[in-house]
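Visitor: Sequence:
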Amino acid sequence: MPRGAGAVAAETRRRWRGEFPYHWDADDLTSRRGLLQFAVYASGTLFASTGVLAVLGAVRSLRIAEAQQVALASQVPPASAVYFNYPDSDSQAMLLHLPSGQFVAFSQRCTHLSCAVYYQPEQSRLYCPCHEGVFSPETGDPVAGPPQRRLAQITLRQDGDVLYATEIQP
Numbered sequence: 023m024p025r026g027a028g029a030v031a032a033e034t035r036r037r038w039r040g041e042f043p044y045h046w047d048a049d050d051l052t053s054r055r056g057l058l059q060f061a062v063y064a065s066g067t068l069f070a071s072t073g074v075l076a077v078l079g080a081v082r083s084l085r086i087a088e089a090q091q092v093a094l095a096s097q098v099p100p101a102s103a104v105y106f107n108y109p110d111s112d113s114q115a116m117l118l119h120l121p122s123g124q125f126v127a128f129s130q131r132c133t134h135l136s137c138a139v140y141y142q143p144e145q146s147r148l149y150c151p152c153h154e155g156v157f158s159p160e161t162g163d164p165v166a167g168p169p170q171r172r173l174a175q176i177t178l179r180q181d182g183d184v185l186y187a188t189e190i191q192p
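Basically my numbering = 1-based index in the sequence shown + 22.
In case anyone wonders, no lab produced these hints; they're calculated from the structure. These figures come from a predicted structure and were not determined experimentally. Where a beta carbon is used, it is the ideal one built from N, C-alpha and C, also for glycine. Some hints could be false.
As the list claims (entries may be wrong) - Computed spacing ranges between beta-carbons, pair by pair:
#1 Asn107 <-> Asp181: 15 to 25 Å
#2 Gly79 <-> Tyr105: 21 to 31 Å
#3 Glu154 <-> Gly56: 53 to 63 Å
Start from the sequences and build out the full structure, keeping to the hints where you can.
Guide: Spelled out as structure tokens, the structure:
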């Protein structure tokens, strides 16, 4: 006896639900709209947190450290360097007594990959041995090699014979 189209559709639906059970009550838990809202909120949160971290990093780099005694000017011979930590114990820096008699100070961290930079007075340069970076000892500007940015300069104050580091300028 032939069955009608409605009976065949009902039988197919019954078998399909048996093989692929889907709980329609749980359908309200996740929807495309809910998933899209979650993705938008998550993206916005990540974007905002990146901005907050950037601002905090900028504010942290602008902080002014206390004046710190570095050396006695009379005890630093011309064309030599004194290495010290500034503004904290984890940040290496160098005081240079240039052949011209001028005192300058820079961060010892190379702006390429943060390797230590050393003063080479015989060649009148600041040298990073990691990737052959060269900086000017007068200004801290890159002269050769991969570094693109100048070294952070440390402002000095001389009080009689005593040299003080007063702030770091990125």
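Visitor: Would you pick out the hints that fail for this structure and give their numbers low to high?
Guide: Failing hints: none at all.
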